[in-house]
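Colleague: With the hints as constraints, model all of the structure from the sequences given.
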Amino acid sequence: MSCFLTNSSVGKKLVMSITGCFLVLFILFHMSMNLTMLFSHSAYNAVCEFLGANWYALAATVILAAGVVVHFVYAFILTIDNYRARGKQRYAVTVQEKGVSWASKNMLVLGVIVILGLGLHLVHFWSKMQLVEIMGHHAALVEGYEVAATNGAALMMITFSKWYNVVLYIVWFAALWFHLTHGVWSMFQTAGFANDTWYPRLKCLANIVATLIFLGFAVVAVYCYLVSTPQLIESLLVAA
Amino acid sequence: MNFTLKIWRQRDAKSQGAFETYKVENISADTSFLEMMDILNNDLIHAGKEPVAFDHDCREGICGMCSMHINGHAHGPSQAVTTCQMYMRKFEDGSTITIEPWRSAAFPVIRDLVVDRSAYDKILQAGGFVSVRTNSVPDGNAIPIPKADADESMDAAACVGCGACAATCKNGSAMLFVAARVSSLAKLPQGRVEGARRAKSMVAKMDELGFGNCTNTGACQAQCPKSISIAHIARLNREFLAAKLQD
Amino acid sequence: MAYKLDAKTPAGELAQKWSNHKAAIKVVSPANKRKLDIIVVGTGLGGASAAASLGELGYNVKIFCISDSPRRAHSIAAQGGINAAKNYQNDNDSIYRLFYDTIKGGDYRAREANVYRLAEVSNLIIDQCVAQGVPFAREYGGLLANRSFGGAQVSRTFYARGQTGQQLLLGAYAALNKEIAAGSVKSYPRHEMLDIVIENGEACGIIARNLVTGEIERHGAHAVVIATGGYGNVFFLSTNAMASNGSAAFQCYRKGAGFANPCFTQIHPTCIPVHGTQQSKLTLMSESLRNDGRIWVPKKMEDVEAIRKGTKLPSDIAEQDRDYYLERRYPAFGNLVPRDVASRAAKERCDAGYGVNETGLAVFLDFKTAIERLGKETIKQRYGNLFDMYEEITDVNPYEQPMQIFPAVHYTMGGIWVDYNLMTTIPGLYAIGEANFSDHGANRLGASALMQGLADGYFVLPYTIGDYLSKKIQAPKVKTDTKAFDEAEAGVRARIERLFAIKGNQSVDDIHKRLGLIMWDNVGMARTKESLERAIVEIQALRKEFYKDLKLVGDNESFNVELEKALRLEDFLELGELMARDALNREESCGGHFRSEHQTEDGEALRHDDKFAYAAVWEYKGIDNVPEMTIEPLDYEFVHRAQRNYKD
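Protein chains in written order, with our numbering: chain U, 951 to 1190; chain G, 326 to 572; chain A, 420 to 1067.
Quick caveat, the hints were computed from the structure, so don't treat them as lab data.
Just to be clear, a hint being listed does not mean it is correct.
As the list claims (entries may be wrong) - Label-pair restraints from in silico Cβ distances:
hint	chain 1	residue 1	chain 2	residue 2	range
1	G	Asp368	A	Pro846	44 to 54 Å
2	G	Asp368	A	Gln1018	43 to 53 Å
3	U	Leu1155	G	Gly535	31 to 41 Å
4	A	Asp814	G	Thr329	19 to 29 Å
5	G	Asp368	A	Asp940	21 to 31 Å
6	U	Thr1044	A	Gly753	23 to 33 Å
C-beta atoms are modelled at their ideal positions from N, C-alpha and C, and glycine is treated no differently.
Modeller: Printed below as a string of structure tokens:
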């Protein structure tokens, strides 16, 4: 049972499908969490506190990290397989086939951009929040401010007060959008839950999910950039 | 019409290949692509040169023998036809046409545009059949089959085994070919009996022969001369996973 | 030395012959089957089904095909369907009726017993194919659907869209794959048989060329089965696949196997007309189109001219100005007359000047009435792929304008002579499917070729071959280092070297096209004494030219398509002459063989049963010598021979 997930093409793809599905669900959760920022900074901080270095949050983090690693490692294994299967001699002329999306042919590139963005994101936020708590501290120094590990709202305001961070994140979200427009319907296909009737529906669903995620994240980043002022940041730090 | 042809020439599997450029002139628009190749070859023979080797046979789009990659398209720029069914009126007069053999690790070049597709035979030998003996079968009408199922089975069975799916796939995956066979038999009660065994053994053989992994780009379906849907790949995935989960 | 032909037709009542025969012939025990080797050449419906069935029985089988996979054999291109006497439509069909239609369709030039057996096993074929997972067309109730075909007044044709041959072949190929996987069959794709090896008067193996490496190989066996199809490509332009050839059968003929009725060629009425000199082959439009399509030419010459000039479209011609000549001449069968009749009727109209394209060699096949009656959707469902194919080739939309069609060479009823066991005049050498001459007489009905290939391969040969092999159970493995193999291989090598040594100026295709023209003009749809004598002279001259002026490039030690084609053309150049000789000898008209001197007042084929109720079996006497003819009388015990009547 364990072997077909590692030694058969369809099994390996199933691993991509399941881990991908898990990551999409996590992202949707993360996005809804972020959206609380738009309504109440203190509510957002309450969520941050709830998801600090508690045992359940830590366990979830480990599982999540495992999901990312497996998805990523399998992507590389599959890509290497596929590269070999293509043969040494390549076509001199290639085209984009009708009805074939650009994203579907560039999933690895998009995935790498997503991973790089994730790295940046971990440095920006996770290392200032959950990691701080794991290390037994309570606050970190960000851009000259002493920010408490549970003060996500302040951290966000500080980070997104810089325009270049907003741009970087939007590029990151865009890559994720492309990745998901193919990934979301593709995971149904790989698991075998698709047919000609459902392709239009699944592709529509994929576009909706991808767009929702893009907008959900982007709107918070842009909102922070627009409202962020030193006074606001100060007041958030004090409130905590 | 006149054309410049850039054609891959390679003496045998071991030799190094390269593109050669030829010109063909006064081609009628009603000439089929392969007839245009015949004309080129006859010219080459008269010039004392070796003609371009290419696979072809029925020239009616059903034997699956022809296999050219033309201007970046498997079977050329027309949709849903094989190379032999493409006519020169589809090309711009005076244009340059690049013709390459199928490129896939599992399809080594034999000569020029001819490749070895025996890997597809091997996959079918691994289980692409119903194990019935000659003459020990029930009456043809003994098991009614819903028309929709028979039609869907036929959709998949239309595969001509030309290799365009694996040749066009950026991953060199043969999933559409394998799926067509598995799906065609899975839709019929006669094929259901061995369904699980078939899906497992054919996928295993496909993997063993060095074909790549499907990433659902759908390029195979776009280039398939019989427009076989990737819905059959979904069914293959389902058949395979269901079979494996019962092991 | 003339042949002593024994057809081995079993005695008894027609319906009992096959059962009696099966009961009488010997069988080989499973333990002994394992010791016996069989070579099958060709992997179409006949070869694939035979090899699969023989492998399943326990024999060691080797199969050879010239294409890259057994699945490519030209059986795959059969579109319309396969006949069987199932009577699923309750239209009073029966084995006898299928037998009768077939023997009448063949213009009473086939063996009664063989044809009855064919009709008898036809039902088993459908069952077998359904069990293999062939997706035949079905009705909403889930049962098998049927359509009508020419020469029959019942609906008995089973089909899988317009791809019946493909689906049946994939079924047989799957059965073959099952045996290849089991190890009982070994497959040799891209191999061409170049000679048959005979030792002590019995077939004991073949010499084959590996088409990829050029290697000449020896393969020994206790029996050899030829299933290499027909030789229609002697005409250069035909509906056959480009690589279809008569060479394997011709090598058997050269080595002493009798060749029967070589002149019986089927000209199929519904092909896309020739459009220029660069054309490589003719495309068939399935006979099934005649179910709903109506064939016509304009009644008035001025309309013909207007259509040719393009000043009028076919759809502009009013109903009363159209001559639906098949419906006019043959009210009972209408557009569904047999192929030879439909082809000749088209030729008659075109000869009278009513041909509707620039060359004057085309008639219309019109779906206007059917579209009005059934709606475009229904027509699309039935023939969509054929309509698409037509449009792709001609750039004309057949939903709006009628198709243009013209007859083209399609099938050869003649072939290697075989007895009731399908064995040739050489013991141990069998011929099945289109390669033999047995079942279709002078004309084959539509949807019967698939039937015969599978009948021979699945249900006849696996039994009858045991009768011969039961005598071989003590025989050791065939050795391939014998004098017979040495000589055969040396002969093949010499043949190849000779062709390379010519170094002339004409390519294989140049000469083949000229042969095709000679054949079409003189040995085609209508033949006369003069045309046939002219053909013989011209072919002989062309053959001499071939040996002087052939230009063959490349070498033997590699993949060399030109060499393959040259070897096949060399055989066609002799086979064409043999066809002309046979046609010259047969001074009557029957089925596909139409001698203009012999016709009724209304232009129908006129048989002379008193003189020609026989199969003409030819024996090779050397390349430039006249072959010797032996006759096998065709005695009709059960059917009364009559003038074929499709009028009422």
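Colleague: Confirm or reject each hint.
Modeller: Hints versus structure:
1. Distance hint for G/Asp368 and A/Pro846: a CB-CB separation of about 48 Å, consistent with the stated range 44 to 54 Å.
2. Distance hint check for G/Asp368 and A/Gln1018: the Cβ-Cβ separation is about 45 Å, which falls inside the suggested range of 43 to 53 Å.
3. Between U/Leu1155 and G/Gly535 the beta carbon distance is about 34 Å. The supplied range of 31 to 41 Å therefore holds.
4. Separated by about 24 Å at the C-beta atoms, A/Asp814 and G/Thr329 satisfy the suggested range of 19 to 29 Å.
5. Checked against the given bound of 21 to 31 Å, the beta carbons of G/Asp368 and A/Asp940, roughly 27 Å apart, stay inside it.
6. Against the hinted window of 23 to 33 Å, the Cβ-Cβ separation of U/Thr1044 and A/Gly753 comes to about 53 Å, which falls outside the hint.
The structure is inconsistent with hint 6 alone, although it conforms to all the rest.
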